[in-house]
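2 protein chains.
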Amino acid sequence: MAGQGVTPRSEDYSKWYNEVILKAELADYSPVKGCMVIRPYGYALWENIRDQLDRRFKATGHVNAYFPLFIPMSFLEKEKEHVEGFSPELAVVTHGGGKKLEEPLVVRPTSETIINAMYAKWVRSYRDLPILINQWANVVRWEMRTRLFLRTTEFLWQEGHTAHASREEAEEEARRILDLYADFAVNEAAIPVISGMKSENEKFAGAVWSSTIEAMMGDKKALQAGTSHYLGQNFAKAFGTRFLNKNNELEYVYQTSWGVSTRMVGAVIMVHGDDKGLVLPPRLAPIQVVVVPIWRKDADKQRVLPVAQKAYQELRDAGVRVKLDDRPELSPGFKFNDWEMRGVPVRMEIGPRDVDSGAVMLARRDIPGRDGKQSVSMQGLVASVRRLLVDVQHSLLDRATRFRDSNIHEAKNYDEFKEIIEAGGFVRAPWAGTPEDELRVKEETKASIRCFPFDADGKGGTCFYTGKSADRIAIFGKAY
Amino acid sequence: MAGQGVTPRSEDYSKWYNEVILKAELADYSPVKGCMVIRPYGYALWENIRDQLDRRFKATGHVNAYFPLFIPMSFLEKEKEHVEGFSPELAVVTHGGGKKLEEPLVVRPTSETIINAMYAKWVRSYRDLPILINQWANVVRWEMRTRLFLRTTEFLWQEGHTAHASREEAEEEARRILDLYADFAVNEAAIPVISGMKSENEKFAGAVWSSTIEAMMGDKKALQAGTSHYLGQNFAKAFGTRFLNKNNELEYVYQTSWGVSTRMVGAVIMVHGDDKGLVLPPRLAPIQVVVVPIWRKDADKQRVLPVAQKAYQELRDAGVRVKLDDRPELSPGFKFNDWEMRGVPVRMEIGPRDVDSGAVMLARRDIPGRDGKQSVSMQGLVASVRRLLVDVQHSLLDRATRFRDSNIHEAKNYDEFKEIIEAGGFVRAPWAGTPEDELRVKEETKASIRCFPFDADGKGGTCFYTGKSADRIAIFGKAY
Numbered sequence: 000m001a002g003q004g005v006t007p008r009s010e011d012y013s014k015w016y017n018e019v020i021l022k023a024e025l026a027d028y029s030p031v032k033g034c035m036v037i038r039p040y041g042y043a044l045w046e047n048i049r050d051q052l053d054r055r056f057k058a059t060g061h062v063n064a065y066f067p068l069f070i071p072m073s074f075l076e077k078e079k080e081h082v083e084g085f086s087p088e089l090a091v092v093t094h095g096g097g098k099k100l101e102e103p104l105v106v107r108p109t110s111e112t113i114i115n116a117m118y119a120k121w122v123r124s125y126r127d128l129p130i131l132i133n134q135w136a137n138v139v140r141w142e143m144r145t146r147l148f149l150r151t152t153e154f155l156w157q158e159g160h161t162a163h164a165s166r167e168e169a170e171e172e173a174r175r176i177l178d179l180y181a182d183f184a185v186n187e188a189a190i191p192v193i194s195g196m197k198s199e200n201e202k203f204a205g206a207v208w209s210s211t212i213e214a215m216m217g218d219k220k221a222l223q224a225g226t227s228h229y230l231g232q233n234f235a236k237a238f239g240t241r242f243l244n245k246n247n248e249l250e251y252v253y254q255t256s257w258g259v260s261t262r263m264v265g266a267v268i269m270v271h272g273d274d275k276g277l278v279l280p281p282r283l284a285p286i287q288v289v290v291v292p293i294w295r296k297d298a299d300k301q302r303v304l305p306v307a308q309k310a311y312q313e314l315r316d317a318g319v320r321v322k323l324d325d326r327p328e329l330s331p332g333f334k335f336n337d338w339e340m341r342g343v344p345v346r347m348e349i350g351p352r353d354v355d356s357g358a359v360m361l362a363r364r365d366i367p368g369r370d371g372k373q374s375v376s377m378q379g380l381v382a383s384v385r386r387l388l389v390d391v392q393h394s395l396l397d398r399a400t401r402f403r404d405s406n407i408h409e410a411k412n413y414d415e416f417k418e419i420i421e422a423g424g425f426v427r428a429p430w431a432g433t434p435e436d437e438l439r440v441k442e443e444t445k446a447s448i449r450c451f452p453f454d455a456d457g458k459g460g461t462c463f464y465t466g467k468s469a470d471r472i473a474i475f476g477k478a479y
Numbered sequence: 000m001a002g003q004g005v006t007p008r009s010e011d012y013s014k015w016y017n018e019v020i021l022k023a024e025l026a027d028y029s030p031v032k033g034c035m036v037i038r039p040y041g042y043a044l045w046e047n048i049r050d051q052l053d054r055r056f057k058a059t060g061h062v063n064a065y066f067p068l069f070i071p072m073s074f075l076e077k078e079k080e081h082v083e084g085f086s087p088e089l090a091v092v093t094h095g096g097g098k099k100l101e102e103p104l105v106v107r108p109t110s111e112t113i114i115n116a117m118y119a120k121w122v123r124s125y126r127d128l129p130i131l132i133n134q135w136a137n138v139v140r141w142e143m144r145t146r147l148f149l150r151t152t153e154f155l156w157q158e159g160h161t162a163h164a165s166r167e168e169a170e171e172e173a174r175r176i177l178d179l180y181a182d183f184a185v186n187e188a189a190i191p192v193i194s195g196m197k198s199e200n201e202k203f204a205g206a207v208w209s210s211t212i213e214a215m216m217g218d219k220k221a222l223q224a225g226t227s228h229y230l231g232q233n234f235a236k237a238f239g240t241r242f243l244n245k246n247n248e249l250e251y252v253y254q255t256s257w258g259v260s261t262r263m264v265g266a267v268i269m270v271h272g273d274d275k276g277l278v279l280p281p282r283l284a285p286i287q288v289v290v291v292p293i294w295r296k297d298a299d300k301q302r303v304l305p306v307a308q309k310a311y312q313e314l315r316d317a318g319v320r321v322k323l324d325d326r327p328e329l330s331p332g333f334k335f336n337d338w339e340m341r342g343v344p345v346r347m348e349i350g351p352r353d354v355d356s357g358a359v360m361l362a363r364r365d366i367p368g369r370d371g372k373q374s375v376s377m378q379g380l381v382a383s384v385r386r387l388l389v390d391v392q393h394s395l396l397d398r399a400t401r402f403r404d405s406n407i408h409e410a411k412n413y414d415e416f417k418e419i420i421e422a423g424g425f426v427r428a429p430w431a432g433t434p435e436d437e438l439r440v441k442e443e444t445k446a447s448i449r450c451f452p453f454d455a456d457g458k459g460g461t462c463f464y465t466g467k468s469a470d471r472i473a474i475f476g477k478a479y
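Line by line, the protein sequences are chains A and B.
First residue of the first sequence? That's 0 in numbering that gives the first Met the number 0, and the numbers climb one at a time after it.
First residue of the second sequence? That's 0 in numbering that gives the first Met the number 0, and the numbers climb one at a time after it.
These are computed hints drawn from the structure, not numbers from a lab.
Small disclaimer: the values here were computed from a predicted structure and weren't measured.
One or more of the hints may lead you astray.
Identical copies carry no separate label here, and so any pair may be met within one copy or between two of them.
To be verified - Dumping the calculated DSS-like pairs for lysine-lysine here, alpha-carbon to alpha-carbon at most 30 Å:
(1) Lys99 with Lys79
(2) Lys32 with Lys99
(3) Lys219 with Lys467
(4) Lys309 with Lys372
Required output: the full structure, derived from the provided sequences and hints.
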């Protein structure tokens, strides 16, 4: 590790983001253009995200399956909007086993088509519905400008694909999943999100409608953190996915698809990180507590180390994700900085004086300096640590929510809009523009409609752009 | 589901294998040549395999990471034997984002090369070693003849890639992993395996030596169920993966790689299945217990169903993977056959008379008919079920071990060898032949050296083929 510090976030957000990922060893650039390597610390974070999502999927009746990586080009072409949306981004396999293929195979950019080809085979009657399948997989979208975790040619994600006997049931499913994503974001990632509908311009290629959870990053830009689509019968018609309904009539199934990707790791970094590096929410942190024993003289080491080991063992046995940093060649100060940069939520310091008093020092990552430190008794250590982890989790969510809310502004006219966007932040305002208006605003200000938030359903006002009466509220922001 | 029965295993093993996979909905053929779809029931089995392996990897200090799907063709060419071994099986991406690529990208058939490119960047000194990384991923090998789970163009696996500061440590790691695989196979999959060394002909392309766990399937053929390779410095030299050792000298790292794939699902099917279908070992079964309530009259249903629900809830709360089959439109007999075919280890029947006596009937899948049935009290139900699941697990392992051992024979000469192989089974005999002899034997009998078993280290005798004095024992068999 060459040098510990990172460029402060406040100095250069973009540089900070890349540096913190590389120095905290979350990921690395690979020799393959646009593809990254997810290193063990970053992958452990992704595993925790995956497990917490997977638990929620299974609790709501979903099951996992696995479909082929390769999709015949002709399949993509069956749904017109879908192929238009994805064809500029495809990676194409033309040769296999030393021979040119009769039909090129696309490396999946998403799996609606190949999955519908199977559903068309599996579904016969309403008794076979609903199908509630999720897949954890890698996908490839050929990107021109890539960014670690946020936009890479290959990325990891989950993609849910469900089929239902009625439109109502399918739309309900798509909304239920968006709520599930929001619940995950808020309660696991400590990221407040705005749930809402995507505009026509921004919806998924092939969907009837797309819903999204949108989050505000530390630089006041927006990140789409998860999407849930109602596909209607579009893919069902393209693939002939039909069922005999209760009236014994053949009907196309109603479908949804939804996904969260390794982008979520980028969101966690950007929402919580600070000048010193990562700040990870305890519920997702690969290491929740790092124990750092402190000694100068060897006699002190003999007294301190066993206590540190005992504390480590107690926490570990209690199911806390804990690491003991007893590397002899490094100073405590170096270790403090190192684990701070890596975003470990709680540091436990144990020195000779702590041992004397039967206590340890707990330092929380989210509050720097003395204010974030407290001495707690070795008695009841596990309970103290657990309480502190819960407290850190809540305070990260509070902080992120306050930050976001103080950076969402109303705009009465386009000039106000431009000022707010220029200064950084979201605009929340009535909108009556056309899709073309939306594109013009984007061209002029780089801000796009992030969503029409559900919490404003039924509200309206005067459109800041057209001056017309608007029957809905939009959230605008510059987006990643 | 069209028709419940499967072709009996005893009648046509190969047909039975395919049918049972399709009818039990473990997997399905896909429209992409050579690629299969892993359906939810099959994927749940794979998840259990994955979790039990992953637990063992982590307990031995390994961490997960993720490397790119695509590998530049030039990387593969850096290790001569490696590229020779894999080049006939490659899928090649030639176009991305609508343009022809400057250098074709290979879809990973295995990741030694791309991983070494990263290790070369990460490793500086002996302090950076060992690296103990595992990856769960999909890989692609263009196969001519495919078989569900056993040989598919795309498959799922884990691939461990470790780097060490000494040859001893690396060789120890490769052996430790093989032991871990054997422990998994025996204690989770109830599959007895023979651990040993691969012959030169059969070793991994690029390895110094390859070790393997070999299992005997129900048709007495062999299946390689997992391999662990010592790579020496072959890849390190190709990629310049060097470290400063304790004497401050630059030295190439010593490496291992090892993998288990979705093939393991095929092994579980083929080792334990019977004429009626799947028989799943309780520790890996997605459903360990199926509860089937039995009633004819509606009055009986009112009494039976609540008891079945109570039993289901109790087992579920105790962490047993249980399913309640209360589908009203199907008869108990149909359900019995269905769950038998799907290999659920224990069936619980609850009828009016059971309710009267405060008991339930447990039927174990591995022992057909009355012999496998026992009535147990609703009191202490969880304990009874747990005991039975352990018992089924052990008895499956016992049965498979007895079957295997009774089908391994010694051969004194080539005629005896041919008779044994012809009749089905393994030959265990001294071997002093050359690699060319081995190929000739394979051509003439279809049997190859599965391994030189570790349990025969130091033993020898007269070679059945060459008549020469042999200093090692080989296991031969026809293999999948």
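Evaluated hints:
With identical chains, the CA atoms of Lys99 and Lys79 are at most 30 Å apart both within one copy (27 Å) and between copies (24 Å). In the homo-oligomer, the alpha carbons of Lys32 and Lys99 lie at most 30 Å apart both inside one protomer (24 Å) and across protomers (14 Å), since each shortest distance falls under that limit. For a Cα distance limit of 30 Å, the shortest separation of Lys219 from Lys467 inside one copy, 28 Å, qualifies, whereas the shortest one across copies, 79 Å, does not. For the homomeric pair Lys309 and Lys372, the shortest alpha-carbon distance inside one copy (21 Å) is at most 30 Å, but the shortest distance between copies (50 Å) is not.
In summary, this structure violates none of the numbered hints.
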